[in-house]
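Protein sequence lines correspond, in order, to chains A and B. Just so you know, we're using this note's numbering here: the first sequence kicks off at 4 and counts up by one. Just so you know, we're using this note's numbering here: the second sequence kicks off at 4 and counts up by one.
Hint data in this document are derived by calculation from the structure and do not stem from the laboratory. It is possible that part of the hints are untrue.
Note that identical chains are pooled: a pair holds if it fits in a single copy or bridges any two copies.
[What the hints assert, rightly or not] Straight-line Cα separation of at most 35 angstroms, DSBU-like style, residue types lysine-lysine; simulated pairs:
no., residue 1, residue 2
1, K281, K98
2, K235, K146
3, K146, K346
4, K54, K288
5, K98, K185
6, K185, K114
7, K185, K288
There are 2 protein chains.
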Amino acid sequence: MAQVNIRDDEVDIVIGALHLDLTSFMEDWRAVFSRFHLIIVQDPDLKGDLKIPGGFSFDVYTKSDIESVVGSSSSSVVFSGYSCRYFGYLVSHKKYIISIDDDCTPAKDDKGELIDAVAQHITNLMTPATPFFFNTLYDPFRKGTDFVRGYPFSLRSGVQCGLSCGLWLNLADYDAPTQALKPGQRNSRFVDAVLTVPARAMLPVSGINIGFDRELVGPAMVPAFRLAKEGKFRWETVEDIWSGMCVKVICDHLGYGVKSGLPYVWRNERGNAVESLKKEWEGVKLMEEVVPFFQSMRLSQGAVTAEDCVIEMAAAVKERLEPLDPVFARASEAMVEWVKLWKVVTSRLSNFAA
Amino acid sequence: MAQVNIRDDEVDIVIGALHLDLTSFMEDWRAVFSRFHLIIVQDPDLKGDLKIPGGFSFDVYTKSDIESVVGSSSSSVVFSGYSCRYFGYLVSHKKYIISIDDDCTPAKDDKGELIDAVAQHITNLMTPATPFFFNTLYDPFRKGTDFVRGYPFSLRSGVQCGLSCGLWLNLADYDAPTQALKPGQRNSRFVDAVLTVPARAMLPVSGINIGFDRELVGPAMVPAFRLAKEGKFRWETVEDIWSGMCVKVICDHLGYGVKSGLPYVWRNERGNAVESLKKEWEGVKLMEEVVPFFQSMRLSQGAVTAEDCVIEMAAAVKERLEPLDPVFARASEAMVEWVKLWKVVTSRLSNFAA
């Protein structure tokens, strides 16, 4: 699987800590994580000190670190709950980011072998993507496969991959209504494939288990879409769905790819879906407006960087979505502010490096 | 897997016979094929009588049957080689068609169980498709799975499926250059998934192992694109790639879906790829024009049936592709003539039924 050479200094693993005791999480991932640098961002709503086992290279960021960068608490960019990880995306200066929820453990493949999720994400990101024609045998750059008959040769070099979306075994990433309706349903099917999601097709990106090329699409990984009653369970959030569609629109515009499939992680049980229903319906309802918006979003030729694209999208959100629900006004503001933050932090880091 | 009830009288299995002796092929498929009616079309270039074992319900169509329907031999619709199966599509009056190349045998799944390719195609065709938003856990209508968080509820009922494209184990469907470059490469990876190829994404449909809803898309399964040096090996043909893109454009326009993935069939060794190179390069080169044509094809609101759509596409082929290569002139003519044939044969069959 890992057909690429990973340089340790090109990768940051970003963990949003929603629990104080990370011991069992970190021990479960030790074999996979220990050679890389970790950025651990403590949910600013979480009081107390994190418990992290020894033998890892990491930096921890807490509420006070966040405030020192973001400044006033009246900012529309909010790093609480699952969104705390976005602060890690901001302060990293590595090319590749891998982020995995702290209720996940390594999964096993169909042969019973432990899956190295980091290696698979990096392979996905370092090998080309093929968004402009669908290859029926999935990833043509995987060992033992190729482009099938009829695939144009001019498209076979592919394009750079911006985002790698991994999947989940056991507890699947359903919304609260689905989870409440089918409380016993678990995902046990290991599908041994990675594919490029075709250009102009939107997908529900889950932030549970992702990797991305920070240089290509980092500014689009924006914590913009915060529900009024956002909770601390995945099914009570849609921030990742929103930023995922931002990335997809930008990749389509700039000519990068988004992959979905391997690697899997194992998701452990958490939360009460029925209790969450009252929060999650808000997200479910808003998707009916959000999806057509991103599907029809077309960026101008003047937008040549991810930053440009996010700013253009923020203006479109303001114009087309803000009249529908106040949640969109804040999303638009957060997108603009995020790009400002990104530029400030990036220039600080490059001054520091120089 | 087979979660749907298949009515035997709704299905025709169409076999293009490129060999006289079908004994081992039919015996290999007996458990899967024997409850259905078979339409066996003998390649008109193949002299002699077919050898077909007992215990099947079938009709055989030969060169003289083809001529009695198509009339003069100056027709631009040609049913020789792999294209002979299209005659079966024309004379069937069933809702669903399954077609499998006569060099394939049933494959085994990852648990070693024989795959019922017909049941899987019918399941794919009878359950909804989801072309307007990508579901990261693949087919949401499969037992044990669902739509993931963020998937709009308004799109969850899905749309009708027009075409089901199955895959191949052992000899994969590469073109002659790829096959010649990697003569030892075999596909051994069983990917346990069916997915809807998103709207507006084109794919290289292979005719080796397909099922389709004849009522929805039958007229688009057109034997239009015949290479000057077309041969009797799959890698020397592109007729299926062309008709597959016709179907995909039509499904996108009329709001149907195209699925890809399961079922697999096992493809046996045949032919010499290096020998075929001189023929296949023609197809490979033409794809560079064909793919952008179909990608940019937009049908008018007036085109409300598959027949209408094929006629509109034929006009566009004439206008945009004919100047590039004479092979396209014949393709355009064949598309128009095919729709005429389809209407004549269909009305004859319905008169016969009445």
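Within a copy, between copies, both or neither: where do K185 and K288 come within 35 angstroms Cα-Cα? Within. Shortest intra-copy distance 20 angstroms satisfies the 35 angstroms Cα cut-off; inter-copy 51 angstroms does not.
Taking 35 angstroms as the upper bound on the Cα-Cα distance, should K146 and K346 be classified as within, between, both, or neither? neither (39 angstroms within a copy, 47 angstroms between copies)
I want to check one pair: K54 and K288. Are their C-alpha atoms no more than 35 angstroms apart within a copy, between two copies, both, or neither? Neither. Shortest intra-copy (38 angstroms) and inter-copy (61 angstroms) distances fail the 35 angstroms Cα cut-off.
Same-copy or cross-copy closeness of K281 to K98 [CA-CA at most 35 angstroms]: Intra 39 angstroms, inter 45 angstroms, cutoff 35 angstroms: neither.
At most 35 angstroms between C-alpha atoms: does K235 with K146 qualify within a copy, between copies, both, or neither? For K235 and K146, the Cα distance is within 35 angstroms only across copies (29 angstroms; inside one copy 40 angstroms).
How would you label the pair K185, K114 (within, between, both, or neither) given a Cα cut-off of 35 angstroms? both (28 angstroms within a copy, 27 angstroms between copies)
Can you give me the call for K98 and K185, within, between, both or neither, at a CA distance of at most 35 angstroms? between (40 angstroms within a copy, 34 angstroms between copies)
Taken one by one, the earlier hints fail for this structure at numbers 1, 3, 4, listed in ascending order.
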